[in-house]
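Engineer: Those protein sequences? They're chains A and B, same order as listed. For the first sequence, numbering that gives the first Met the number 0 begins at 0 and goes up steadily by one. For the second sequence, numbering that gives the first Met the number 0 begins at 0 and goes up steadily by one.
These are calculated hints, taken from the structure and not from any lab test. Accuracy of the hints is not assured; some may be wrong.
As the list claims (entries may be wrong) - With a Cα cut of at most 35 Å, we get these calculated DSBU-like pairs of lysine-lysine:
hint, chain 1, residue 1, chain 2, residue 2
1, A, K39, B, K95
2, A, K89, B, K116
3, B, K1, A, K23
4, B, K116, A, K23
5, A, K39, B, K116
6, A, K54, A, K39
7, A, K46, B, K95
8, A, K89, B, K95
9, A, K60, B, K70
10, A, K39, B, K70
11, B, K127, A, K39
12, A, K54, B, K70
13, B, K70, B, K95
14, B, K142, B, K95
15, B, K127, A, K54
16, A, K89, A, K48
17, B, K70, B, K142
18, A, K60, B, K1
19, B, K1, A, K54
20, B, K142, A, K54
21, A, K154, A, K39
22, B, K142, A, K48
23, B, K127, B, K142
24, B, K142, B, K153
25, A, K23, A, K54
26, A, K89, B, K70
27, B, K95, B, K153
28, A, K60, B, K127
29, B, K127, B, K70
30, A, K60, B, K95
31, B, K127, B, K95
32, A, K46, B, K142
33, A, K48, B, K127
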Amino acid sequence: MSLSHFDHYAPATLEEVFSLLQSKGPGARVMAGGTDLLLKIRHGALKPKYIIGLKNIRGLKTISFDASAGLTIGATALLAEVARHPDIVKHYPTIAQAARGTANPQIRNMGTVIGNLCNASPAADNAPTLLAMDAQIRIRGPEGERVLPLDQFFKGPGVTALVPLEIVTAVHVPAPPPNTGTAYLSLSARGKMDCTAVGVATMVTMTGKTCAGVRLFVGACGPVPLRAPKAEDILRGQELTEEVVEKAGTQASAESRPISDMRASGDYRTEMVAVLTRRVLREAHHRALAC
Amino acid sequence: MKQVITLNVNGAPYAVAVYPSQTLNEVLREELNLTGVKLGCGSGDCGACTVLVDGLAVSSCLSLAVDMEGKAITTVEGLAPSGEVLHPIQESFIEKGAIQCGFCTAGMEMSAFHLLKYNPSPTEAEIKEAISGNLCRCTGYVKIIEAIADAGHKMANTGGETS
Ligand SMILES: Cc1cc2nc3c(=O)[nH]c(=O)nc-3n(C[C@H](O)[C@H](O)[C@H](O)COP(=O)(O)OP(=O)(O)OC[C@H]3O[C@@H](n4cnc5c(N)ncnc54)[C@H](O)[C@@H]3O)c2cc1C
Ligand code: FES
Ligand code: FES
Numbered sequence: 000m001s002l003s004h005f006d007h008y009a010p011a012t013l014e015e016v017f018s019l020l021q022s023k024g025p026g027a028r029v030m031a032g033g034t035d036l037l038l039k040i041r042h043g044a045l046k047p048k049y050i051i052g053l054k055n056i057r058g059l060k061t062i063s064f065d066a067s068a069g070l071t072i073g074a075t076a077l078l079a080e081v082a083r084h085p086d087i088v089k090h091y092p093t094i095a096q097a098a099r100g101t102a103n104p105q106i107r108n109m110g111t112v113i114g115n116l117c118n119a120s121p122a123a124d125n126a127p128t129l130l131a132m133d134a135q136i137r138i139r140g141p142e143g144e145r146v147l148p149l150d151q152f153f154k155g156p157g158v159t160a161l162v163p164l165e166i167v168t169a170v171h172v173p174a175p176p177p178n179t180g181t182a183y184l185s186l187s188a189r190g191k192m193d194c195t196a197v198g199v200a201t202m203v204t205m206t207g208k209t210c211a212g213v214r215l216f217v218g219a220c221g222p223v224p225l226r227a228p229k230a231e232d233i234l235r236g237q238e239l240t241e242e243v244v245e246k247a248g249t250q251a252s253a254e255s256r257p258i259s260d261m262r263a264s265g266d267y268r269t270e271m272v273a274v275l276t277r278r279v280l281r282e283a284h285h286r287a288l289a290c
Numbered sequence: 000m001k002q003v004i005t006l007n008v009n010g011a012p013y014a015v016a017v018y019p020s021q022t023l024n025e026v027l028r029e030e031l032n033l034t035g036v037k038l039g040c041g042s043g044d045c046g047a048c049t050v051l052v053d054g055l056a057v058s059s060c061l062s063l064a065v066d067m068e069g070k071a072i073t074t075v076e077g078l079a080p081s082g083e084v085l086h087p088i089q090e091s092f093i094e095k096g097a098i099q100c101g102f103c104t105a106g107m108e109m110s111a112f113h114l115l116k117y118n119p120s121p122t123e124a125e126i127k128e129a130i131s132g133n134l135c136r137c138t139g140y141v142k143i144i145e146a147i148a149d150a151g152h153k154m155a156n157t158g159g160e161t162s
């Protein structure tokens, strides 16, 4: 059960991380909680020569919230910390719910939200909600910082927009506009023990009875979490009647590109995208009207 | 190359030479002979390897020993340091018949310990959530849930932890 050998570094500053990444070359890998990385090493899918732990870097664990600036989740903030953070529970309940629904208590005490994003699994449970809430990812490299909308971050299964020597320092979520509701629902074969087979998240903003803004993302039904722009078009500017919601579900399902694998068949996923889309829309709509 | 680290386990410091690639589970079991810590799946799924690190329940099979320098580790052996007087959680597991083959027990008890430290009177739903990362192939969980609730009563009555 042993892991293939690697050297391990636990630098205290980002500067040291960049100089290590530079000097060690492509055999080096950064690690947050290690719950994805060490598992891949155990299965022989990855054999890094050097692991650079991020957990000792000062300031990277911070979760900060400001009513106008929004929410920032640092790279080493644990899933468990995000799940129970009072400001996140109050102002971003769906982000807390997605973190709480990831893995099991032990893994949530080790793994991070950013690790979940950087691992870039199409099924990553924290991605759809953050995408729906128009999150931005903060990237640092030796040259400085760049900020990327999260919907430009995922490039394929396990592939992100990061270039060599870059790491993610935080994810930022703007303060949602007034009268906004969010929801995320996912299905898997055996509850939390299995990876998500279909997940749908949405953010709905209402002006009176009209849907003024909507973002809708489907997880685990394509090479990356997918946006459903045509389904959004059906909703935008409309009253969210059962008929409109029904139509949007059908459209979201037409826009998804699921494969069949051990977790679910493509046909089942296609059906479930429609069902979950309708459910999250009703839930987010309801929440938007309640606030 | 091996490096020497100091692990603080169940209140005592141990200097051990470890490879950076060794998991906490390997070092606890093979270097420190703390075989109460089990290795089941080795992939974070079963919870048999659960220990507390700075008060948090984690899977020792997916933790690196080198990351544990300066942290307080508690294993099931730490629940009953004398080896004779058992912790209320352990007593309740025995009294309620929550143990069959026993392979999951140490991990279950560590998850229970983690829960009851913060919440001595959990609801049944909270107990189920707390052990949702611990698999048991024998008992069907009912008696484990009863045992944890019972241990919570005992610990509340004695004013908390005994160790
Ligand atoms: C038993 C079990 C159950 C699980 N259940 C779920 C589940 O229900 N839903 C789900 O979505 N996932 C699940 N996972 C997967 C995993 O736990 C999550 O993806 C977790 O959030 C990963 O975080 P981490 O900090 O452990 O990442 P790591 O393993 O530390 O990192 C993951 C990847 O991202 C890279 N990386 C990490 N941080 C950075 C950074 N700051 N900058 C650049 N690259 C970085 C690493 O190099 C690595 O390639 C499960 C895993 C296990 C073992
Ligand atoms: S052995 Fe660690 S979770 Fe199964
Ligand atoms: S008692 Fe046998 S696995 Fe739980």
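Engineer: Need the list of violated hint numbers for this structure, in ascending order.
Structural biologist: 1, 4, 7, 8, 16, 20, 22, 30, 32, 33
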